[in-house]
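A.B. asks: Here's the letter readout for the chains.
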Amino acid sequence: MAVAVEQRREQEARPAARRRVAAKGNFAVAMAVRDVDIDVAAIYPITPQVQIAEKITEYVANEELDAEVIHVESEHSAMSAVVAAAATGARVFTATASQGLEFMHEMLYIASGLRQPVVMALTTRALSAPINIWNDYSDAFGMRDTGWIMIFSENVQEAYDNVVQAYRIAEHPDVLLPVVVTLDGYILSHTVEPLEPLGREEALRFAPKRRYGYRPTLNPDMPMSFGVVGVPAWYHEIKYQQVRAMRESRRVIEETGREFGRRYGRSYGFIEEYMMDDAEVALVSLGATASLVKAAVNRLRKEGVKAGMVKIRVYRPFPAEELVKALENVEAVGTLNRAISYGGVVEDPLFMEVATALALRGIVKPMASFIHGMGGRDIFVRDIVAMYKKLMEHAKAGTSAKRTYFYGVKGHNPDDDQKM
Amino acid sequence: MEALKKPVRTIWDIPRPEQFAPGHNMCQGCAAALIMRMLMKVVGKDAIVVMGTGCVEVTTTPFPYTSWKNPWLHLAFENTAAGASGVEAALKALQRKYGVFKDRYIKVVAIAGDGGTFDIGLQSLSGMMERGHDVMYVVYDNEAYMNTGIQRSGATPLGAWTTTTPVGKRMRGEPRPKKDIIGIALAHRIPYIATANPAYPTDMMEKFRKAYETRGPSLVHVYSPCTPGWRIRNEHTIHVSRLAVQTGMWVQLEIENGKPRVTVKVPKRKPVREYLRIQGRFRHLTEEEIQKIQRMVDEYVEEINRWVGEQAIGPVVEE
Ligand SMILES: Cc1ncc(C[n+]2csc(CCOP(=O)(O)OP(=O)(O)O)c2C)c(N)n1
Ligand code: SF4
Ligand SMILES: [Mg+2]
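Residue numbers (the working numbering), protein chains in the order written: chain B, 2 to 421; chain C, 1210 to 1528.
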């Protein structure tokens, strides 16, 4: 019996017929949303996400997608509407960036607190003031404690694949948490890259719709109250359940990424290691920035430097075990981020978690945090090479950088950061 | 229990079964409790309730208890109409794509307080009305933010004491008249708008029924005395409600497809003094201030009469 099941799985596992298209990140996301056949989308324009909304309405207008599109009057209402639609039993989607994400911030906690499988795309963008429409991760990092599963994409293909996987994860009865998939504003949202979409049939095979009623919904035949008052006698327990759900979602995320690879040849884990086998210095990064770090690693390898990189794909739940395993043998660890925690112990919020993950496992080694690329400031490969060299200095001296190094600031020498 | 099909003419037309259960924590004499009970009798079991943060929400759902026999959703304070829009859109998609609730009409009922409607929720309400969602929106208006302890809202009437419009040397209660939410709804040209009042239960339920039967957005604005907030006696809720209508402070309106009508005519009006004098929130008013409110009501009544094209509300007759 078990053998028969295995054999059938093998047959199913044959990679689907490949069709390659050229698409920008925004269109890849819209295609994924179409392919998983969402029921309700709430849309509100903000740069650089608008094309997702435009494309979805185009699909609906052309009957390529049968969905209700709510042209909400704000992002706060967008998130409210999709949480309510999910609670009614629909497969839902919305997308936003920057100020839009901040505007819906209150509702992010309510989406996760009500355990609604909302899926959202975030074209990462800087936050006002001053107003800036270009890429950094301030918006994404601002939602790190809202109870959402957070998946960062490195390229257009990943954005598509992550959205399809997001539905399978979010709607899994053992998870029932909202999922956000990021794609770097402009760098991915507006850049045309090759894309192999699964197509509707295959996407729905991978992320099938579950029978209505498999999870509690607003059903007149089985009335339930959602969003009641969490009195002190119960609130604590409810929050702990949410913690457990986030911890346990790891299993489903892992299984989903592995299964995706088995079927389509592109495997996904919590992290991606690049040249880490014999690496002596490593930078941890995420999103499309990881591609730049890879390029820097290639350049350094040519110079004979044993550099490596770890990309964090799933930022929430944070992959501490995987990360530590990848980093335990290097001499020095750095982080490169495009988000600031003003007044923090260091200003890079990513570093705080990487350092904590290592320290809790008794691993102490020279470390440094780097911030570059705020509000669309271009990060050059040579900048990252310089970061690696800085990291090597720390490795040699056996010291850590007490402050975050800010690279790419006009008229600023990053070494001065250590004096302030 | 099915939704009410027959018109409500007398109390004998009011259905016996209850969809709103007793045992909630609302204050004695709270009109909102009555309003909820009457509303749910009308809409029956095939209705999904979306409610904004406020007194009714917190008093009816202390986990693990609930007063709601219907599916019920509370998201936050300012987004009742957006949540209702989401439920309505989802129902449409589920019915069309998967045949869920096939051949059944499931009504979406949004309920929020005056603060959640006139002020912080106005944007989401405007969006819902403008987009034409099939949602019936009921605002219970106790004329202040009661849940947080009687702070003024855009619905607080001229002269009323609240904790943020105190009576002192420089401030004498609320300095501005009530916001015209009906005018705002009218500007959205929605098919059904009404005002209702718990002292006229059959009129109120008939309006709920018509809002229910409307396909598209409807708004019922319900007068809702709050005993601690208005500083009235628990047994005065209905008395005060009736006086509001009899003095012209509150006019029972119905606007179907833009056509206005007064449903409870008042041939002889009582002076507003009678309404104001029995409420602690107006206790500080001088005769001069009362006359100012009287003149404001006279003008309002005149405006209504002009609008409906008849003398629906008569002149003040001192007894
Ligand atoms: C965004 C936000 N701001 C403020 C509050 C605090 N708050 C909760 S209920 C409430 C008052 C509700 O007033 P209203 O809508 O008139 O309903 P009532 O309590 O009077 O029935 C306020 C201010 C909140 N919950 N959310
Ligand atoms: S405070 Fe007022 S509105 Fe709130 S429950 Fe009590 S009487 Fe009702
Ligand atoms: Mg109120």
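Certain hints may be false.
What the hints assert, rightly or not - No more than 27 Å apart at the CA atoms, straight line, and that leaves these computed lysine-lysine pairs for DSS-like: (1) C:Lys1419 <-> C:Lys1387; (2) C:Lys1215 <-> C:Lys1306; (3) B:Lys411 <-> B:Lys391; (4) B:Lys210 <-> C:Lys1214; (5) B:Lys240 <-> C:Lys1468; (6) B:Lys210 <-> C:Lys1306; (7) B:Lys303 <-> B:Lys326; (8) C:Lys1214 <-> C:Lys1468; (9) C:Lys1301 <-> B:Lys210.
What the hints assert, rightly or not - Chain C side only, calculated, beta carbon under 10 Å to chain B, not exhaustive: (10) Lys1254; (11) Ala1256; (12) Thr1269; (13) Ala1291; (14) Val1296; (15) Ala1299; (16) Ala1302; (17) Ser1335; (18) Gly1336; (19) Lys1479; (20) Glu1483; (21) Arg1486; (22) Ile1487; (23) Gly1489.
No lab work stands behind these hints: they were computed from the structure.
All residues carry an ideal CB built from backbone N, CA and C; glycine is no exception.
A.B. asks: All hints are to be evaluated individually against the structure, with a verdict given for each.
C.D. replies: Structure-based check of each hint:
{"no.": "1", "hint": "C:Lys1419 <-> C:Lys1387", "in the structure": "holds (26 Å)"}
{"no.": "2", "hint": "C:Lys1215 <-> C:Lys1306", "in the structure": "violated (32 Å)"}
{"no.": "3", "hint": "B:Lys411 <-> B:Lys391", "in the structure": "holds (19 Å)"}
{"no.": "4", "hint": "B:Lys210 <-> C:Lys1214", "in the structure": "violated (37 Å)"}
{"no.": "5", "hint": "B:Lys240 <-> C:Lys1468", "in the structure": "violated (51 Å)"}
{"no.": "6", "hint": "B:Lys210 <-> C:Lys1306", "in the structure": "holds (12 Å)"}
{"no.": "7", "hint": "B:Lys303 <-> B:Lys326", "in the structure": "holds (26 Å)"}
{"no.": "8", "hint": "C:Lys1214 <-> C:Lys1468", "in the structure": "holds (23 Å)"}
{"no.": "9", "hint": "C:Lys1301 <-> B:Lys210", "in the structure": "holds (17 Å)"}
{"no.": "10", "hint": "Lys1254", "in the structure": "holds (6 Å)"}
{"no.": "11", "hint": "Ala1256", "in the structure": "holds (7 Å)"}
{"no.": "12", "hint": "Thr1269", "in the structure": "holds (9 Å)"}
{"no.": "13", "hint": "Ala1291", "in the structure": "holds (4 Å)"}
{"no.": "14", "hint": "Val1296", "in the structure": "holds (5 Å)"}
{"no.": "15", "hint": "Ala1299", "in the structure": "holds (4 Å)"}
{"no.": "16", "hint": "Ala1302", "in the structure": "holds (4 Å)"}
{"no.": "17", "hint": "Ser1335", "in the structure": "holds (7 Å)"}
{"no.": "18", "hint": "Gly1336", "in the structure": "holds (3 Å)"}
{"no.": "19", "hint": "Lys1479", "in the structure": "violated (40 Å)"}
{"no.": "20", "hint": "Glu1483", "in the structure": "violated (38 Å)"}
{"no.": "21", "hint": "Arg1486", "in the structure": "violated (37 Å)"}
{"no.": "22", "hint": "Ile1487", "in the structure": "violated (33 Å)"}
{"no.": "23", "hint": "Gly1489", "in the structure": "violated (29 Å)"}
The structure shown violates the earlier hints numbered 2, 4, 5, 19, 20, 21, 22, 23.
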